[in-house]
Amino acid sequence: MENIGTALLERIKELSDIEVQEKELKFAIFNNKVYTSYKEKIKLISDNFDEQLQYYGKKDNYGDEKEKIISRYNEEFQKIYDKRKEQFINIINEIQEMQSNQKIALANIESVYRSRDSIFESEEYKEYLNNKNKFEYMINITKNSSDIEKYKNKLINLKNPVDSYNNKLIALVDKFEKYDGLVFECEKKLDDCIIATEEDFETLMKYRNNNLVEQKKENIFVRLFKKLFASKRKFKKEVIEKMNSEIDDIQNSNIKLLDIIENQTINLVAKIEELRYDINYEYSIATE
Amino acid sequence: MEVEKLGEEFIDGGIINLDNSSVDIYENALKKIGIKKEEVIKQINNLLKKI
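So the protein lines, in turn, are chains D and W. Letter 48 of the first sequence, counting from 1, is numbered 48 in the numbering used here, and no numbers are missing. Basically the numbering used here = 1-based index in the second sequence + 1000.
Because the hints were derived from the structure by calculation, they are not lab data. A hint or two may mislead.
Straight-line Cα separation of at most 27 Å, DSSO-like style, residue types lysine-lysine; simulated pairs [as the list claims (entries may be wrong)]:
no. : chain 1 : residue 1 : chain 2 : residue 2
1   : W       : K1042     : D       : K168
2   : D       : K103      : W       : K1050
3   : W       : K1050     : D       : K85
4   : W       : K1032     : D       : K168
5   : D       : K216      : D       : K59
6   : D       : K189      : W       : K1049
7   : D       : K189      : W       : K1032
8   : W       : K1005     : D       : K41
9   : D       : K26       : W       : K1049
10  : D       : K41       : D       : K216
11  : D       : K23       : W       : K1037
12  : W       : K1005     : D       : K79
13  : D       : K85       : W       : K1042
14  : W       : K1037     : D       : K103
15  : W       : K1031     : D       : K103
16  : W       : K1042     : D       : K188
17  : D       : K43       : W       : K1005
18  : D       : K103      : W       : K1032
19  : W       : K1036     : D       : K103
20  : W       : K1050     : D       : K189
21  : D       : K143      : W       : K1031
22  : W       : K1037     : D       : K26
23  : W       : K1049     : W       : K1037
24  : D       : K132      : D       : K159
25  : D       : K23       : W       : K1050
26  : D       : K188      : D       : K59
27  : D       : K39       : W       : K1037
28  : W       : K1050     : D       : K68
29  : W       : K1005     : D       : K33
30  : D       : K41       : D       : K58
31  : D       : K26       : W       : K1031
32  : W       : K1050     : D       : K159
33  : D       : K79       : D       : K188
Computed footprint of chain W on chain D; a stretch qualifies when at least three of its residues, placed anywhere within it, have a C-beta under 8 Å from a C-beta of chain W [said to hold, decoys possible]:
no. : stretch
34  : 8-18
35  : 31-40
36  : 43-54
For glycine and all other residues, C-beta sits at the position ideal for the given N, C-alpha and C.
Only chain W is shown next, with the shape it has when bound in the complex (with noise of 0.2 Å):
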């Protein structure tokens, strides 16, 4: 079974092989980035309080 070849992509400031690296390094990468995530929308619910 072959499934679609992902390549590398820049991610949270570095490089990751989406298709060679464990499911555990794509999951704590998925963690840190949910994490800046969260913070950029509390910024915008901050700046969408001030309007």
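Isolated chain D (complex conformation) (with noise of 0.2 Å):
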């Protein structure tokens, strides 16, 4: 009996270990995946204006204006990595409570485990042996039916504690199930966090993209006299303005986005926390 005891402990604490790493290791994943698709981005609408400025045949290559308009979109990038990477450690953390909990729903297991010799040796179960053997030597002897029934009725409702000690286990059981359960599904939301930041991050490319789709239907006529005749005030007006006019449009956006990202995370963590209240109320009722 000893030896089960130990062992279970030894392996919740490898357990315990395991589910440390994997947490470190999900976090880089967030951070890597997020952090590609940021670069992708940021890269496009930097291509994209040394691209403006060969379309309206300019040389000088505009760098302080350009810096400045990677900078305000790195701004509104960082805005949505910071309430994503917000939500992600909820999720994280509301994952890390459930497995404390199987944990000690497990130690729980080895301790009621532990106590069960000492059940038989117990006083409750003398009683209820004294009782037993009571209640079935006058089921036997009394001939009157009505007294034949009580007694038949207080052996049902006998109380064995080996019962009460074989439920707690399974209810004990039934707890760490129930929790492994809710942790899958807590994972695969550490999954859509991901994909959900990088459609993020595309929605802020829209305004740009729509813009370039404008300019790609202009026709070649309209493209050669740009290229040859622009100046730089058009140049400054069809490019530089636009652009961080789109940035304004962006940082608007952002505001709503932002506000419903944060509501996604409280919803999320509050219907977590519904859940484990459910399973830990279904436990106290298994066991009373």
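Got two chains here, each in a separate frame; can you build the complex from them with the hints?
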């Protein structure tokens, strides 16, 4: 008996260490994928600026203006990353909490299991046996049918301490498994968070992408005219001011997006905590 | 844009740089420790059956 308990506690410790490493790797994957997506987008914006210079036949590289535009885009990407990172960490914390509860359930299983032998030596169990023997004896010797019924009911209602021990074990295993299910669902949410961040970054690009589509519709004569004769003022208006105006739109739509992400996080955490409460409540009912 | 720095951690018997390695390294490491985790959980379930 001692070996099973010790082995269980050792496996719990191993599981703990593995789960910590899992969380670290998942965070690294989140950062890596999100940063890769960001780098692609920033490169597109930077390349696009350079293409615009060529398109308008500008030889100066407008370095300062380009840097300001990139910097403004960076701020907006940063806001989204920070909010999604918060969401990611919140989910990880909930997973951690549930995995702790699982280990507590396992440790309690070990502790309940260790108490098994002492149940048979307890006063409670001796009393149960005495009563059981007494009621069975009375059922056998009593001629009166209502007395027989009375002792049969007493026998049925007699609580065997071993049953209570078994019920506790079953309830603890059930608790462990229910948390497993919930952890699995939360881990899927971590993947969803990465995808959602990449989609948010894609959305930031929509204003620039729309304007490029418009530009591509211009016919060859318009394009040639711009390349040869577009003034600095025209370039400033059609590229620099336009791109800054797009970023103004992004800033505005980001305010709403960040709110949406925050509410998603709050609702998700609330839902998880509700489900955790249900699991604990079912356990307490089962072990009453 | 700056992402949070995670530093180096001892994972699956070796040190992994959680900031500058490729995503494949992280995903492979995750897969390996996932296999270990399944093994530990199997052992736990076997112990629970004996109780």
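Okay, the hints, checked on the actual structure:
For the hint linking K1042 of chain W to K168 of chain D, the alpha-carbon distance of about 22 Å falls within 27 Å, and the restraint holds. Between K103 of chain D and K1050 of chain W the CA atoms are separated by roughly 18 Å; this keeps the pair inside 27 Å, and the hint holds. Taken as a hint, the K1050 of chain W and K85 of chain D pair is broken in the structure, with Cα atoms around 43 Å apart against an allowance of 27 Å. Taking the CA atoms of K1032 of chain W and K168 of chain D, the gap is near 35 Å; set against the 27 Å cutoff, the hint is violated.
A distance of roughly 21 Å separates the Cα atoms of K216 of chain D and K59 of chain D; the hinted pair therefore holds under the 27 Å criterion. Note on K189 of chain D and K1049 of chain W: the hinted pairing is violated, with a Cα-Cα distance of about 32 Å set against a maximum of 27 Å. Using a Cα cut-off of 27 Å, the hinted pair K189 of chain D and K1032 of chain W holds, with the two alpha carbons roughly 21 Å apart. For a cut-off of 27 Å, the pair hint linking K1005 of chain W to K41 of chain D stands: about 21 Å separates their Cα positions.
Among the hinted pairs, K26 of chain D with K1049 of chain W is inconsistent with the structure: their alpha-carbon atoms are about 32 Å apart, more than 27 Å. The suggested pairing of K41 of chain D with K216 of chain D holds, with an alpha-carbon distance near 20 Å, which does not exceed 27 Å. With a C-alpha separation of about 13 Å, the suggested pair K23 of chain D and K1037 of chain W falls inside the 27 Å cut-off, and the hint holds. This hinted pair checks out: K1005 of chain W and K79 of chain D have alpha carbons roughly 17 Å apart, not beyond 27 Å.
For the hint linking K85 of chain D to K1042 of chain W, the alpha-carbon distance of about 33 Å lies beyond 27 Å, and the restraint is violated. A distance of roughly 14 Å separates the Cα atoms of K1037 of chain W and K103 of chain D; the hinted pair therefore holds under the 27 Å criterion. Distance hint between K1031 of chain W and K103 of chain D is fulfilled; the C-alpha atoms sit about 22 Å from each other, no more than 27 Å. Between the alpha carbons of K1042 of chain W and K188 of chain D the distance comes to roughly 22 Å, so the proposed pair stays at or under 27 Å and holds.
Straight-line distance between C-alpha atoms of K43 of chain D and K1005 of chain W comes to about 22 Å, which keeps the hinted pair within the 27 Å bound. Proposed proximity of K103 of chain D and K1032 of chain W is supported: the alpha carbons are some 22 Å apart, at most 27 Å. Restraint check: the Cα-Cα separation between K1036 of chain W and K103 of chain D comes to about 17 Å, which is no more than 27 Å; the hinted pair holds. Restraint check for K1050 of chain W and K189 of chain D: the C-alpha separation of about 35 Å exceeds 27 Å, so the hint is violated.
Between the alpha carbons of K143 of chain D and K1031 of chain W the distance comes to roughly 71 Å, so the proposed pair goes past 27 Å and is violated. Straight-line distance between C-alpha atoms of K1037 of chain W and K26 of chain D comes to about 15 Å, which keeps the hinted pair within the 27 Å bound. As the CA atoms of K1049 of chain W and K1037 of chain W are separated by approximately 18 Å, the hinted pair is consistent with the 27 Å bound. In summary, the hint linking K132 of chain D to K159 of chain D is supported, as the alpha carbons are separated by about 10 Å, within the 27 Å threshold.
In summary, the hint linking K23 of chain D to K1050 of chain W is not supported, as the alpha carbons are separated by about 31 Å, beyond the 27 Å threshold. Only pairs whose Cα atoms come within 27 Å are accepted, and K188 of chain D paired with K59 of chain D is rejected, the gap being roughly 50 Å. Pair hint K39 of chain D plus K1037 of chain W does not hold up; C-alpha atoms about 34 Å apart against a cutoff of 27 Å. Only pairs whose Cα atoms come within 27 Å are accepted, and K1050 of chain W paired with K68 of chain D is rejected, the gap being roughly 67 Å.
Of the supplied pair hints, the one linking K1005 of chain W and K33 of chain D holds, its CA atoms being roughly 14 Å apart against a limit of 27 Å. Distance restraint check for K41 of chain D and K58 of chain D: the Cα-Cα separation of roughly 24 Å lies within the 27 Å cut-off, and the hinted pair is therefore satisfied. At most 27 Å may separate the alpha-carbon atoms for a hinted pair to count; K26 of chain D and K1031 of chain W meet this at roughly 11 Å. For the given pair, K1050 of chain W sits about 24 Å from K159 of chain D by alpha-carbon distance, which is consistent with the 27 Å threshold.
Proposed proximity of K79 of chain D and K188 of chain D is supported: the alpha carbons are some 23 Å apart, at most 27 Å. Only residues whose C-beta sits within less than 8 Å of a C-beta in chain W count toward coverage, and the stretch 8-18 of chain D has 6 of them, enough to reach three; the restraint holds. Coverage of a stretch by a chain is defined here by at least three residues with a beta carbon nearer than 8 Å to that chain's beta carbons; for the stretch 31-40 of chain D and chain W the count is 7, and the condition holds. Closer than 8 Å: that is the beta-carbon criterion, and the stretch 43-54 of chain D has 0 residues meeting it against chain W, so the requirement of 3 is violated.
When the structure is compared with the earlier hints, violations turn up for hints 3, 4, 6, 9, 13, 20, 21, 25, 26, 27, 28 and 36 and for no others.
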